[in-house]
Every structure is written in structure tokens, then in C-alpha cells.
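Line by line, the protein sequences give chains A and B.
For the first sequence, position 116 (counting from the first letter as 1) is numbered 116 according to the working numbering, and the numbering increases by one without interruption.
For the second sequence, position 353 (counting from the first letter as 1) is numbered 353 according to the working numbering, and the numbering increases by one without interruption.
Treat the hints as calculated values from the structure; they're not laboratory data.
If you're wondering where the values come from, they're calculated on a predicted model, not measured in any experiment.
One or more hints might be untrue.
[Claimed, not checked] Quick list of in silico lysine to aspartate or glutamate cross-link-like pairs, EDC-like style, CA-CA up to 20 angstroms:
| id | chain 1 | residue 1 | chain 2 | residue 2 |
| --- | --- | --- | --- | --- |
| 1 | A | 38 | B | 45 |
| 2 | A | 162 | A | 126 |
| 3 | A | 38 | B | 11 |
| 4 | A | 162 | A | 173 |
| 5 | A | 38 | A | 126 |
| 6 | A | 38 | A | 96 |
Residues per chain are reported as follows:
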Amino acid sequence: MTAFPPVTIVSGVPAPLLRDDVDTDAIIPSREINRVSKAGLGQALFAGWRYRVGTRDAVPDFVLNRPEYAQAAILLGGANFGCGSSREHAVWALHDWGIRVVIAPGFAPIFRGNCVRNGVLPAVLDDVASLADGAPVTVDLAAQRVRHGGRTHGFDIAAPDKAMLLGGLDAIDLTRQLGPEIAAFHARDRAARPWIYA
Amino acid sequence: MGSVALQSLAEARRAVVDPDRVFAMIDHIVDTTPGRTGTLVPGGEAFLTATREACAAAGIRVFDIGDGEQGIVHVAGPELGLALPGATIVCPDSHTCTQGALGALAWGIGASEAEHALATGTLRMTRAGTMRITIDGRLGHGVTAKDLALALLARFGADGGQGMAVEYAGEAVRAMEVEARLTLCNMATEFGAMTGLIAPDAVLFAWLRGRPHAPAGAAWEAALATWRELATDDGATFDIEHCFDARDVAPMIGWGTSPAQSVAVGDRAPADNAYMAVEGGAPLLGLPIDAAFIGSCTNGRLSDLRAAADVLRGRQVAPGVRAWVVPGSTSVRAAAEAEGLDRVFTDAGFEWRESGCSMCFHAGGPGLPPGSRVVSSTNRNFEGRQGVGVRTHIASPATVAASAVAGVLADPR
Ligand code: SF4
Numbered sequence: 001m002t003a004f005p006p007v008t009i010v011s012g013v014p015a016p017l018l019r020d021d022v023d024t025d026a027i028i029p030s031r032e033i034n035r036v037s038k039a040g041l042g043q044a045l046f047a048g049w050r051y052r053v054g055t056r057d058a059v060p061d062f063v064l065n066r067p068e069y070a071q072a073a074i075l076l077g078g079a080n081f082g083c084g085s086s087r088e089h090a091v092w093a094l095h096d097w098g099i100r101v102v103i104a105p106g107f108a109p110i111f112r113g114n115c116v117r118n119g120v121l122p123a124v125l126d127d128v129a130s131l132a133d134g135a136p137v138t139v140d141l142a143a144q145r146v147r148h149g150g151r152t153h154g155f156d157i158a159a160p161d162k163a164m165l166l167g168g169l170d171a172i173d174l175t176r177q178l179g180p181e182i183a184a185f186h187a188r189d190r191a192a193r194p195w196i197y198a
Numbered sequence: 001m002g003s004v005a006l007q008s009l010a011e012a013r014r015a016v017v018d019p020d021r022v023f024a025m026i027d028h029i030v031d032t033t034p035g036r037t038g039t040l041v042p043g044g045e046a047f048l049t050a051t052r053e054a055c056a057a058a059g060i061r062v063f064d065i066g067d068g069e070q071g072i073v074h075v076a077g078p079e080l081g082l083a084l085p086g087a088t089i090v091c092p093d094s095h096t097c098t099q100g101a102l103g104a105l106a107w108g109i110g111a112s113e114a115e116h117a118l119a120t121g122t123l124r125m126t127r128a129g130t131m132r133i134t135i136d137g138r139l140g141h142g143v144t145a146k147d148l149a150l151a152l153l154a155r156f157g158a159d160g161g162q163g164m165a166v167e168y169a170g171e172a173v174r175a176m177e178v179e180a181r182l183t184l185c186n187m188a189t190e191f192g193a194m195t196g197l198i199a200p201d202a203v204l205f206a207w208l209r210g211r212p213h214a215p216a217g218a219a220w221e222a223a224l225a226t227w228r229e230l231a232t233d234d235g236a237t238f239d240i241e242h243c244f245d246a247r248d249v250a251p252m253i254g255w256g257t258s259p260a261q262s263v264a265v266g267d268r269a270p271a272d273n274a275y276m277a278v279e280g281g282a283p284l285l286g287l288p289i290d291a292a293f294i295g296s297c298t299n300g301r302l303s304d305l306r307a308a309a310d311v312l313r314g315r316q317v318a319p320g321v322r323a324w325v326v327p328g329s330t331s332v333r334a335a336a337e338a339e340g341l342d343r344v345f346t347d348a349g350f351e352w353r354e355s356g357c358s359m360c361f362h363a364g365g366p367g368l369p370p371g372s373r374v375v376s377s378t379n380r381n382f383e384g385r386q387g388v389g390v391r392t393h394i395a396s397p398a399t400v401a402a403s404a405v406a407g408v409l410a411d412p413r
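With the sequences and hints as input, model every part of the structure.
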């Protein structure tokens, strides 16, 4: 069983949101998380910045409201992207809106983990600003390269994360193949530290 | 958020591998007004019902409204002895790192990882980097672990510990009571860290002994023997080492929309922040406030309430300021009432609430109007965190109390 469509090659004009410390409250405010399901969260993405206070009227300047980025599948972010709350809704909202790749100089660890479990590639690249000139880019996960104009840049991603995204793998299925080893570990640990299991 | 994981698991027809090692806390959206019966968050009742049903089906213990052991998970977990040294603890909440103060490996995860943990009793992890922050000297009078956490963030930045397991060490940390250590580790996630940790020691063991879910009798002695082995070896090396001097820390105040945007309360704002309506170069002391909040998994423990009450005794909240205090757990609330702290707060004009996350974040329902300026003992000052357009200045409980009395941002000393 695959958890989501694999991420392989993604192309297009990236939407630049080049501020540092974009937190998950900004990506999706708590007040927008009033449903149990993941579908349809795209309309709540960046609600606090995208809409005028207390309405659904678009703020025309906000990057995702600009017509040239309406189809963007790649988002460019600043340092420490996705900091704050662990809410996975932040990634569900990005994915539902259409984002498949976020390129940033760094990601908060919980957000990064949430991305790779939901078919969003968190690509670590220092010089993100150079990709924001309006020209299309192509992100090739297998090669770990971003092509832009005539140039290519390598980006970083941990090998297990890369494998999950490329294969659209379900982590639980993968781990379950290790069932006997895990059971043996728990049995040994239970004998050594019974108070943990009591 | 646990109910999202449990529901998804049930839909996939996967079982919880060991429900005895899983606990559910009703904290984020629970109403905190006295006499509460549920939640005031729109759509929240469905969440609570879903959580209760999913836990009942899976055989998971729920700490619910009316339960003496209910509280914010990162406050109640340690005080119940559910968190223990050497334990591996995950929870779909970013402040799980708080519990690293007990020498546990505790970190926040998303809903999908929670599902994985429930279904397999494991997580797939990339090994975190290691960082040690050694804090020499002692904190000055009126300076708290919260001020230290904010000072560390101001120095090293909101991504200063990105992806790291951070050990807090040194004289200042060894001198801290356990509740202060929990406050310090709470804000490791604000630092981008995977977790924060403090070596277990005699102070911790004395604090843990006799807690409801801690081992007892022979099991206590056996556990203690293993816990004494957990501290970092002499000569251990870390990927990154920082030193910091506790004597340099003053009471701190947030001025911006990242917790790293914090300065000594007597300083001037270093830059403009339009959302906060703060001007670069302007003093922060004296900025008029509309509301004051004491509580949260950062500063909702008994020692926090005592520190605030010490400031408030015999004084009054300034006219026009709405002030409330929300104990971090039901047992903190009971202990505070046994000492008469509730009367100190209500006499001063604070609302005395039931335990929960409350106004630490705003998910809809009753709240403050846009543009309100709040001084808050919480951990995050993100845009909209406490409501649409609400401006949050994070600080220690004593600073919140002093500001509530003054009606403006104030130094507690
Ligand atoms: S008190 Fe605030 S920071 Fe802590 S768990 Fe609750 S909402 Fe999160």
C-alpha cells in the first residue's frame, strides 16, 4: 500500500515566501482546524495572511493570491520553516492547495517529518533567494538537484526521507516487516525495566 | 491531536500494539471556566467525543474532565510519574520536549508519526545531532528559568538548536528545582531542537519518589540504580557546545512575533514589528496592556503560581486589564487552593480557572478582540496565536503579575 503519490520530478515557477521563522500557526491557524478530516484544508492555508481579518476576502499582495503563482507546486521559504506547533494540518493544507516541494535553508524537525509522511518534499538549500526570479525550476528528487536557468544546485535530504518520498512508501508497513525484532526488543526491555511497562 | 491518529489507525484496521503504554489527556480545547462540562471551541465537542470513543475502543486510559489527574499533558505527565528517567516518550505536541527535564528522551511528533508509534511501538528516526549548553553561575534574584529560556533564544536564535538533542548543564541547571527545569526544557522546541534534556540527579529522584505512576518498593530501588547511570559521561563530546552565564540574565520580555525576539524587560525594542505595533528604539516598559495570562505547560506549575502570587499579595490588577490564571493541572489547582493562592489571585482581580491550555492558543470561541495587547506566561508569540490580531508579549509569571498590577509592561523586581 502506498501512503501518497510518490514525489519524483516537480517543475514550475516557485512561489517565494522568503521570510524566516514561518510557523505552523501561520501556515494554518488553530481556528481553521475545526474538522477531523485532512481533505479541503487548502482553503485555510495561510488564512491569517491570505484573507482580510475575519473574512474570506483575498489580500491581493499575498504571494499565493497572485495569479502567476496560482498553480505553484513549489514554495520557497526562509530559515526555520515550519517552526512551532506539531500540527500536521500545516502539511495537509500545503498538499491540498497543491504544494509538493518546499525549498528552504532549514526546516523545523517535526514539520520536516510531517512533510515526508505526506508527499511533500522538504528540500534544504542555502541560496533560496536566487530561485525567486520568476523563472521555472525543476526539482529532481532522485538526483537531489534543482535546475534553474542554466544552472543546477544540489539540495540536502536525509536518505530515509528520500526513499519514503520516492517510493510513496507507508512507514507503518515498512516497520511491520521488522515485527519479530521489535517484539524481541520489547521483551528484553520489559525484563530489564519493568517499571516502564507497568 | 491524538484522536486524529487513532481514527486514522482504526480506518486502516490497525490495532494499537500496547494500549497500556498509551495515555490520553484532555487539555488543548477543554473549557477552563469553573463548572465546565466540555469545550467552548466551535466543533470541539466532536473532537472530544471522537477522542473518548477511539480511546475506549482501543483500551487507552483517558484523563478527562472531572479526573483529579487531568491537566496539560506536559504538566500532568511528569507530576504523575508517567514520564520517567530513561523513558522514550512521544506525543503529537511540539512541547513534549518539556519532559526531557526528567532525563527522558521526549519529543513532539505529527499525527502520522503518532499513528506509527501506536501501531508498532516504535518510530523511524534519523539520529539527532547533539548540543550541550552549559550555564555557569546562578540566576539573580527575581530571574527565572523562563527568563533564561528567552535569553538563550535571543542569543542563539529560533533555529539555534535545529534538529538537535540539547542537554542543558552547568551550575545554574543543577541548582534548579524540577519545575524550573521543566520550564527550561519546554522551550527547547522554540529553539528548533528535537528535544531538551537534563541529567537526572538526586533533586529529581527526591521529586519523583512516591508519585502515583512512579515505581515503588523494590522496583523503585531497581529503577534508581539504572537512572544513576544515565548522566552524560565525563569527557563526552557533543556536535556543538555553548556556554552561557546565568548572571547575565535579567527578566525578559518578548517584543516580536518569534520567541527569539525577546529582550531584557528594561531594554528598548531593537526593531519595528508592525503586527505587534512596536517601534524600534522605543522602551517596552510602560507599554499599556489589555490582558494578562498566567498558565500553560511552560509556566502553569505550583512554583509559577507562587511566584505570581508573591507579586500580587495585597495588590490589585489595574483597571481595564483582564487577568486570568489557569493552573497547569487539576492537582496543581488543588495544591494552590490548599495554600490559599486562589484567594490571592481572586482578591487581586484575577479569574481563577480550571486546568487546561486555555488562552495559550486560540482555536475559536470566546477570546480577546483584535489589537489586544496581552502579557502572557506562555511560550509562543506568533501572529494570531492568542486570537486574530492579538499581540502577545511572553514573559515569566512574576513579570505577568507585575504588569497586570501596573497596567503596563513592568519589571517584577
Ligand atoms: S499549554 Fe500551550 S504550548 Fe502547552 S501544550 Fe497547551 S497549547 Fe501547547
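Results of checking the hints against the structure:
no.: 1; hint: A/38 to B/45; verdict: holds (18 angstroms)
no.: 2; hint: A/162 to A/126; verdict: holds (19 angstroms)
no.: 3; hint: A/38 to B/11; verdict: holds (14 angstroms)
no.: 4; hint: A/162 to A/173; verdict: holds (17 angstroms)
no.: 5; hint: A/38 to A/126; verdict: violated (31 angstroms)
no.: 6; hint: A/38 to A/96; verdict: holds (8 angstroms)
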